[in-house]
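**Student:** Sequence:
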Amino acid sequence: MDIYARKFELLEDSLGKLSEIKKENPTLSKYRISWKDKDSVERNLHKIIEAIVDIGKMLIAEKKFREPANNREVFQILEENGIFPLEFMPLLDKMIGMRNVIVHGYDRVDDSIVFGVLKKNLADIKKLSAMLKKICFAKKS
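For the sequence shown, the positions run 289 to 429 when my numbering is used.
Among these hints, one or two may not hold up.
[Stated by the list, open to error] Using 30 Å as the maximum straight-line C-alpha spacing, the simulated DSSO-like pairs for lysine-lysine come out as follows:
(1) Lys-414 with Lys-305
(2) Lys-345 with Lys-421
(3) Lys-345 with Lys-422
(4) Lys-407 with Lys-326
(5) Lys-407 with Lys-311
(6) Lys-415 with Lys-311
(7) Lys-422 with Lys-324
(8) Lys-422 with Lys-351
(9) Lys-305 with Lys-421
(10) Lys-351 with Lys-318
(11) Lys-318 with Lys-345
(12) Lys-352 with Lys-311
(13) Lys-352 with Lys-335
(14) Lys-352 with Lys-408
(15) Lys-324 with Lys-382
(16) Lys-407 with Lys-421
(17) Lys-421 with Lys-318
[To be verified] Listed next, with one range per pair, are the computed distances between beta-carbon atoms:
(18) Gly-370 with Asp-399: 13 to 21 Å
(19) Asp-395 with Glu-361: 24 to 32 Å
(20) Lys-318 with Gly-370: 38 to 46 Å
(21) Val-389 with Lys-318: 18 to 26 Å
(22) Arg-320 with Lys-352: 44 to 52 Å
To be clear, the hints were calculated from the coordinates, so they are not data collected in a lab.
Keep in mind the model is a prediction, meaning the values are calculated, not measured.
Heads up, the beta-carbon is just placed ideally off N, CA and C, and yes, glycines get one too.
Please model the entire structure based on the sequences and the hints provided.
**Tutor:** Written as structure tokens, this is what we have:
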């Protein structure tokens with residue numbers, strides 16, 4: 289299986305899990321009392337963000353663009369080279385910030401922010417994934 293296909297499969301699997309948890313947790317108070325759901329949401333968001341960054345890095349390597357100094361720079365490089373649309377940059381910036389808090393600041397994870405992402409941003413992440421899929425698989429045609 290193509291490496292891009294595996295990354296997108298992981299993305300879709302994690303988005304499916306998050307959609308299920310979203311339905312089961314209609315309120316922040318319900319979400320806060322379920323440590324299993326909180327851990328699952330954080331882990332699946334982390335997996336999604338890592339997969340998206342990995343896809344960006346693979347595109348950079350494939351196109352032989354300059355190497356990014358950090359995760360935030362990955363999509364700036366792709367945007368500078370006309371591969372990635374500017375409109376997704378604010379979302380990616382927030383996602384990478386969330387990834388950094390989840391990975392490096394377990395004691396600082398704010399349930400209300402994570403729940404907000406779960407409730408308000410899954411559709412945006414799905415659009416981002418679809419757009420990246422189009423970029424990755426169009427290049428093979």
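**Student:** State for each hint whether it applies.
**Tutor:** Status of the hints after comparison with the structure:
1. At most 30 Å may separate the alpha-carbon atoms for a hinted pair to count; Lys-414 and Lys-305 meet this at roughly 13 Å.
2. For the proposed pair Lys-345 and Lys-421, the alpha carbon gap of about 14 Å is at most 30 Å, so the pair holds.
3. Among the hinted pairs, Lys-345 with Lys-422 is consistent with the structure: their alpha-carbon atoms are about 16 Å apart, no more than 30 Å.
4. At most 30 Å may separate the alpha-carbon atoms for a hinted pair to count; Lys-407 and Lys-326 meet this at roughly 13 Å.
5. A threshold of 30 Å between alpha carbons decides the hint, and for Lys-407 with Lys-311 the separation of about 9 Å falls inside it, so the pair holds.
6. Taking the CA atoms of Lys-415 and Lys-311, the gap is near 20 Å; set against the 30 Å cutoff, the hint holds.
7. Between the alpha carbons of Lys-422 and Lys-324 the distance comes to roughly 34 Å, so the proposed pair goes past 30 Å and is violated.
8. Straight-line distance between C-alpha atoms of Lys-422 and Lys-351 comes to about 16 Å, which keeps the hinted pair within the 30 Å bound.
9. Between Lys-305 and Lys-421 the alpha-carbon distance is near 20 Å, which keeps this suggested pair within the 30 Å criterion.
10. Under the criterion of a C-alpha separation no larger than 30 Å, the hint pairing Lys-351 with Lys-318 is inconsistent with the structure, at around 46 Å.
11. Between Lys-318 and Lys-345 the alpha-carbon distance is near 37 Å, which puts this suggested pair outside the 30 Å criterion.
12. Taking the CA atoms of Lys-352 and Lys-311, the gap is about 42 Å. The hint is violated against a cut of 30 Å.
13. Taking the CA atoms of Lys-352 and Lys-335, the gap is about 25 Å. The hint holds against a cut of 30 Å.
14. Our distance criterion of 30 Å between C-alpha atoms is broken by Lys-352 and Lys-408, whose separation comes to about 35 Å.
15. Between Lys-324 and Lys-382 the CA atoms are separated by roughly 24 Å; this keeps the pair inside 30 Å, and the hint holds.
16. For the suggested pair Lys-407 and Lys-421, the alpha carbons sit about 23 Å apart, so the restraint of at most 30 Å is met.
17. As the CA atoms of Lys-421 and Lys-318 are separated by approximately 34 Å, the hinted pair breaks the 30 Å bound.
18. Between Gly-370 and Asp-399 the CB atoms are about 39 Å apart, so this pair departs from the stated range of 13 to 21 Å.
19. Separation of Asp-395 from Glu-361 is about 27 Å and conforms to the stated range, judged on CB atoms against 24 to 32 Å.
20. The hinted range of 38 to 46 Å is satisfied by Lys-318 and Gly-370, whose Cβ atoms lie roughly 44 Å apart.
21. Restraint check, Val-389 to Lys-318: a C-beta distance of roughly 22 Å satisfies the suggested window 18 to 26 Å.
22. In this structure the supplied range 44 to 52 Å holds for Arg-320 paired with Lys-352, their Cβ-Cβ distance being about 47 Å.
Violated hints for the displayed structure, listed by number in ascending order: 7, 10, 11, 12, 14, 17, 18.
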